[in-house]
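J.: Sequences and hints are given; from them, build the entire structure.
The chain contents come next:
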Amino acid sequence: MNKEVLVIGGGPAGIECANSLISLGYKVFIVEKCSEPGGHLRKWDRLFPYGVSASDTLDKLLQKSGKAIFFYDTEVQTINQVDEKFVITLSDDTQLHVSSIVVATGFTLFPAAKKEEYGYGIYNGVITNADLEDGFKTHKKELFKANRVGFVHCVGSRDEKVCNRHCSKVCCVTAVKQACEYKDLNPDAEVYCFYMDLRMFGRGYEDLYLKAQNKYGIRFIRGRVSEVAEDVNGCLVVKAEDTLTSRPLKVTLDLLVLMSGMSKNDDNDKIADMLGIKTEEDGFLSLPEPTLNNCQTVTDGVFLAGSVTGPKTLPETLNEARAAALSVHKYLSR
Amino acid sequence: MILNGKKKIWSEYQKDIPEDHYFYVRSCIRQNFFPASEKLFLEVVRDRLSLDFFETEHHTTCGGIAYHSDTIPQETVMTIVARQFALMTEAGYKNYVASCITSFGLYTEILDTWHHFPELESKIRDYLWKTTKREFQKPEYLAHASDVVYKLRNKIADQAKYKLVNKENGEPLKVVEHIGCHYSKMFPSKGVGGAEYPYVLTGMIEAWGGEIVDYPERRHCCGFGFRQYLVQANRGYSLSNTHKKFESMAPFKPDMIITNCPGCPYFLDRWQYVIKEMEGTTYGQDGNGIPVFTYEEVAGLVLGYDPWYLGLQMHQTPVEPLLDKIGIRYNKEEKYLL
Amino acid sequence: MKEFGYSLSPSSRVDLDKIDKIKQERLFALEPGFRKCMACGSCSATCSAGNFTDVSLRRAIAYIQNGQDLAALSLLKHCMLCGKCLVICPRGINTRNLIMNVLKVYGEK
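Residue numbers (this note's numbering), protein chains in the order written: chain A, 2 to 335; chain B, 696 to 1033; chain C, 171 to 279.
Derived by calculation from the structure, the hints in this document are not laboratory data.
In this text, all values refer to a predicted model and were calculated from it rather than measured experimentally.
Each residue gets a CB set at the ideal place from its N, CA and C atoms; glycine is no exception.
Some but not every residue of chain B turned toward chain A, in silico, with C-beta under 8 Å: (1) Ile697; (2) Lys701; (3) Lys703; (4) Ile704; (5) Gly889; (6) Glu891; (7) Tyr892; (8) Arg914.
Derived list of chain A stretches under chain B, where covered just means 3 residues or more per stretch with a C-beta under 8 Å from a C-beta of chain B: (9) 118 to 128; (10) 227 to 236.
T.: Pasting the structure below:
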């Protein structure tokens, strides 16, 4: 049994799992399909609920991963199990022989254009949470000139029409975070959040929500946006129901931010197939013991970490990454 | 507005519409509201484009109005529709084209229901046999007549005598398109362009030189809605829906409205008069209304047919301002002579 | 005018483009807790008057946010200022002060 482990995915889960494995004395290969590590974290500006810098966070994670061997722009092509070892062929024809595999392939950001009624890619003022985060990161000044701004929660989440019945968990607090940040950059803006339920489950989230109401005067409207159109001035006419007063509601906005949720990684089926594991109805990878063990699979030596098994916050993902590393260690020390 | 975004959606909702050999069925109310539209459709496809469109006098109502007004049960309407399919089968056709949007929606709904509940289809086959001794094949292709005109739009443009262009300044006319609810709202994949940004009429307008207006209440119902209109006490509700649409489109200063449904052109046309009487409001230029057309009428105008031959004197909102804008010649004296 | 036997129906739609934001700001200045409401409804559930008359602070706040001032005022008309809502409010809103100031800001002709 060699001490070599393959981690599929070079996002926060993959990096932190590798960090833990390295400290336990393992040699780690990380296969990443993009040209840089960090996954979605690389594209983000600040993290909820405390506004910590995303790039500092990523840098800190990467500082400890020096000994990991990264394969960028690379995907896993085939996996063959020979006795208790895994023989892996990568898309650049590299062959690896490892004793254990950690799948940390994360999620796909829901493609907002699928919700045709919101007009993403059609109406100029409609952007996504990722676009806004990019705007924060690259200081796109023109983006912060809008005086009437809306945030639409649950875009591609809790929506059977796009085959995502699940809650993406992090969008509520992300919307509140982004709404507050927008107000910091443009204090004159009127900001609305359209929500179905506000799921402020984490430490510090409810405080952020209260601050959004109290300090920033953000208006929370309980109702899902039904459609968006442009008026003659190119402004966005947004329709929803205010379910708290049972009335249809209309507001004209300059900017509408769609909170795209976490969908299953598009590669999940392929990866599950190669490893003899399954996906659930929601497309995320299955967990045979979802309460007792968030890392385990039905295939010996194969472990999971992060949002490949469902939407998660970053701290949860990092904890799971460490737990997966310990699971590998326990498996290889048996 | 990012046109490429719309084009992407349009490309995802395209149908493989056959061009020729159709069994054509008329609409109950269109024959009365816009009597020349169906005649013109057949004239264009048969005489101008030499295509095979068959119709039979044995065709009856599809039962859609009764069905949507809750006066007949679903199995009755299905048996009526089964009989229409039997007529198509007996005439030797496989492509079925309906002039009416509600018929189109109803046929689509019934075929889909039979797909999911085959036992219901067997039951209807049994009913049809018991009542009429007829049997039927389901259509291989179900089209709405606007799908066919959409398919033929460039051929019509090739023969066009006029373009949808303001002759004074050469600018494209601003056109509001209004799709019947039952065209693609029930089954977005069955409509060209889908349900949110339907392309069927937009494609015609683009091909014929006009420019489409995308206004906030574009997706809103015209206000017809069967039950809302049929009872006088409910008519204010029907009117209010139409009013909402006009209030929303007015800032865009549209020159005309094109529709593909039996009820929509009728209500968008007639209610403008009622709103003028009640509120004193008109939505077109110079105190006029906004003329409303069926897509066949627009095709006819583009092809150079005489406006009175197209039955445009049946409209309540006068069409003359638009004819003048395009430069279409017509004889004022003959308006009510035909 | 011609008699048609029917007329345009009034719209029930809330138009946020048309609400009086100056009054809302005044109310907020007088009672900053106004914005903290999270619509839990415990004020209305506990309301002494609400069981017998149409009093609901929860709905009144929502109506003010939507610019439906008259509807909000009528929902507070029968309030007896007993203060039960003040005791129960999980966000600690000074509900009595809020009610008094709603009447002050929106009750003026």
